[in-house]
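Participant: What follows is the residue order along each chain.
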Amino acid sequence: MTTPEETQVSAVISLLVENESGVLARVIGLFSGRGYNIESLTVAPVEDLRHRSRINIVTSGTQMVIDQIKAQLSRLVPVYRVVNLTEAGPHVAREMALVKVVSTGEHRTEALRIAEAFRARAVDTTAQSFVFELTGATEKLDSFIDLMRPLGLVEVSRTGVAAIARGPQTI
Amino acid sequence: MNATNPIATDATRTLEHNGSQDHHVLSGAEVLLRVLEDEGVEVVFGYPGGAVLPIYDALFKRDKIRHILVRHEQAAVHAAEAYARSTGKTGVVLVTSGPGATNAVTGLVDALMDSIPVVCFAGQVPVPLIGNDAFQEADTTGITRPATKHNYLVRRPADLAATVREAFLIARTGRPGPVLVDLPKNITAGEAPYTSGQAPLHRSYRPQVEPDRAAVRRAVEAMKQARRPLFYTGGGIINSGPQASDALRRLAGMTGFPVTSTLMGLGAFPTTDRQFLGMLGMHGTYEANLATHGCDVLIALGSRFDDRVTGRVDAFSPDSFKIHADIDPSQINKIIRVDVPVVGDVGRTIAMMIEEWNADDSRPEAEDLRHWWAQIDGWRGLDSLGFTQDTAPSAIIRPQHAVRRLYEMAMATGRDTFVSTEVGQHQMWAAQHFQFDKPNRWLTSGGLGTMGYGLPAAVGAQVANPDALVIDIAGEASTLMNIQELGTIAQYRLPVKIFILNNQYMGMVRQWQELLHGSRYSESYSSALPDFVKLAESFHAKGLRATNMGELDGVIAEMLAHEGAVLADICVAQGENCYPMIPSGAAHNQMILGPEQDGKPAEITGAGRMLV
Ligand SMILES: Cc1cc2nc3c(=O)[nH]c(=O)nc-3n(C[C@H](O)[C@H](O)[C@H](O)COP(=O)(O)OP(=O)(O)OC[C@H]3O[C@@H](n4cnc5c(N)ncnc54)[C@H](O)[C@@H]3O)c2cc1C
Ligand SMILES: Cc1ncc(C[n+]2csc(CCOP(=O)(O)OP(=O)(O)O)c2C)c(N)n1
Ligand SMILES: [Mg+2]
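Keeping their order, the protein sequence lines are chains A and B. If you count the first sequence from 1, position 117 lands on 117 in the numbering used here, and the numbers rise without skipping. Just remember that the numbering used here sits 171 ahead of the position in the second sequence, which is counted from 1.
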């Protein structure tokens, strides 16, 4: 039996950080040093002058651990804001995948058909291969990749999740 | 200049040519020293080397700041920690690149764990050489990232002054801690602007100092309805400053609640006060631990529910309403779920608690408090720290007795007394049997538990408090870990008193082996010990030895009376264990008591053995 204290939850955490050298190492070091999970991580500058970057982290743990992650991240000197989007309310979380499928004949047609259904774009096409570009929720990408597996899937490159709250409020 | 000598930059040339005429042209090293002066720095603990030569040269020319030459960089950090802890100022360290910086790492982690404000300057190879495996290059900011509160690599001369100023700000504000500034040699040797009044580099750094009034009000409401309240005070009160200790004394006085303290908080509340129950935790007193277990309102003030304190987490203070005042939000609900968190400076929190306490007349039922105190006094009656010392002159000295006599005789001198310790049983006996009625007098390595802390800490405390009595209560094994500091003590004629409780064992290890590993004393015997008396003498100090009760008082008296440094080798009972003890993984009401308290043999579970 697991008590509510032990139930694992997943969380999308967004941070606004000073765009300076070492800041990503501080964030990642905190996760590895304290034994927290990172399921995905994205980072890019988000301001005109590139002074600040946004880091999005998908993580999981007990509620106590998730709260700790947020508090520990907030402690880092170059961190401006930390928001647990999962907790803060409805949010949009998207990632992009590039999926390479090598096949011919029936498999190739089937791959193309599924890609259309998922609204994936073929961004590279050769006689034997496709590279599909697909954007969406993590689960959508997962099922697309699952479906491509028997159809000649050879390589996947994913960006990890970028996330933002719905509605007018900002980080 | 050619490319093979990247140290001699254009800036140095400018300096050589018109440095004396043009007062605005300063080297980075000179800028560094000026900013240190602006920050009120009086003492730097350090050790030179190639990468910091420009700084040492500037120190030589401008003697406003005192430099204490230690004998090992780890000791520089511990000395700076004790300097900081005993004065409330920030400790400053200067080390060279590579091995100088790596030697400092243990000290930095020690300061991090114990929330001590220290700024450490490390030399680094010139910026153009970074990443080339240059001579004495180490990735110092990489290595020290998890060892510091924050660290910097100064890459541009324009950033130097602002970085140094911010380093001090970050070290001393919020939850204090160590900050490292890595200084490439071309930055210190080259020209740099001396600037002030700039915006801080990190606008993101904003510690929460002011507590939330509503939270304090909720806390005080609970305190007013308490039947079995307890203050659990910690090092945060010392961090906050003497006014926080004063406020605590007032709050305790007006509420009449009992007070227990962590190892790090000793002295924030007078340990000789009747309301003080002694330290809690693994080697805490019976009454402090049972009160923690049985209280109905637990008020944690600047303490962090460390595992030495909580024991088995799910059995920690099971029935209490918990209030937690801490400046670091990440400490809230980290280990123990609390009912009312109060984030902010604990001195201000206590002051606000006093206001709220006085805001109306409601008080806990006097009868409840009387009953609670009666229960506590009952536990006290066990005298869990009690021991019997055979007083025959030939009797073996018990370490507890040695500490008690040291305390009594030190008090009799009437001098302001600072005590540092090493790590082990002697540290716990010092915590249990020495008394501290003022804050900032107790210097110990709590969080990291660093053997080798005590001797350099005594150096730092004595440098900071030249007229005070500074005693290092030590173990023989720990002392050897930074024994080279006897050289520093000699050079600066520091009159520190090193009081070694020599049990010829790594006693704390031996105790665990006895209790947990079937008395198999694997590698815990201190063999091949030096003759400490001769060792002291070879470092120009006085060496003394007491081998039995007949000699103890005389040795202590002679040590205290001597004007210079003394090392007293106190040969104590070898098999003594430190009690009470809550074995790892046990609850507070499962304490092991000493033989004098009819202690039963320990029952330690397999799971407990896995813990440290
Ligand atoms: C051999 C050995 C045995 C030990 N046995 C025991 C034992 O039996 N009992 C015991 O208590 N300890 C023991 N310790 C020490 C233990 O490991 C911890 O170091 C100690 O318990 C921590 O003390 P603390 O909770 O006061 O926190 P500290 O480490 O002193 O931390 C201070 C806390 O206060 C907060 N703070 C800092 N500044 C402020 C401010 N201005 N305002 C508000 N909050 C602030 C910080 O965020 C932090 O949470 C032992 C250590 C060793 C080496
Ligand atoms: C640097 C370091 N290494 C190892 C330990 C583990 N340890 C804790 S106490 C202790 C024994 C200390 O012996 P001594 O200084 O003689 O003190 P005693 O316990 O005998 O009083 C050891 C080895 C430590 N705390 N620090
Ligand atoms: Mg020993």
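No lab work stands behind these hints: they were computed from the structure. Treat the hints with care, as some may be off.
[Claimed, not checked] Estimated spans, in silico, between C-beta atoms of each pair:
#, chain 1, residue 1, chain 2, residue 2, range
1, A, Q8, B, E381, 54 to 64 angstroms
2, A, S10, B, I301, 38 to 48 angstroms
3, B, N303, A, R50, 22 to 32 angstroms
[Unchecked claim] Which stretches of chain A does chain B cover? Using the computed rule of at least three CB atoms under 8 angstroms from a CB of chain B, they are:
#, segment
4, 18-28
5, 77-88
Even glycine gets a Cβ: it sits at the ideal position worked out from N, Cα and C.
Participant: All hints, please: hold or fail.
Facilitator: These are the hints, each one checked on the structure:
1. A/Q8 / B/E381: 54 to 64 angstroms: violated, 36 angstroms
2. A/S10 / B/I301: 38 to 48 angstroms: holds, 39 angstroms
3. B/N303 / A/R50: 22 to 32 angstroms: holds, 28 angstroms
4. 18-28: holds (count 5)
5. 77-88: Since three or more residues must qualify, the claim that chain B covers the segment 77-88 of chain A holds, with 4 doing so at under 8 angstroms.
Consistency note: the structure conflicts with earlier hint 1 alone.
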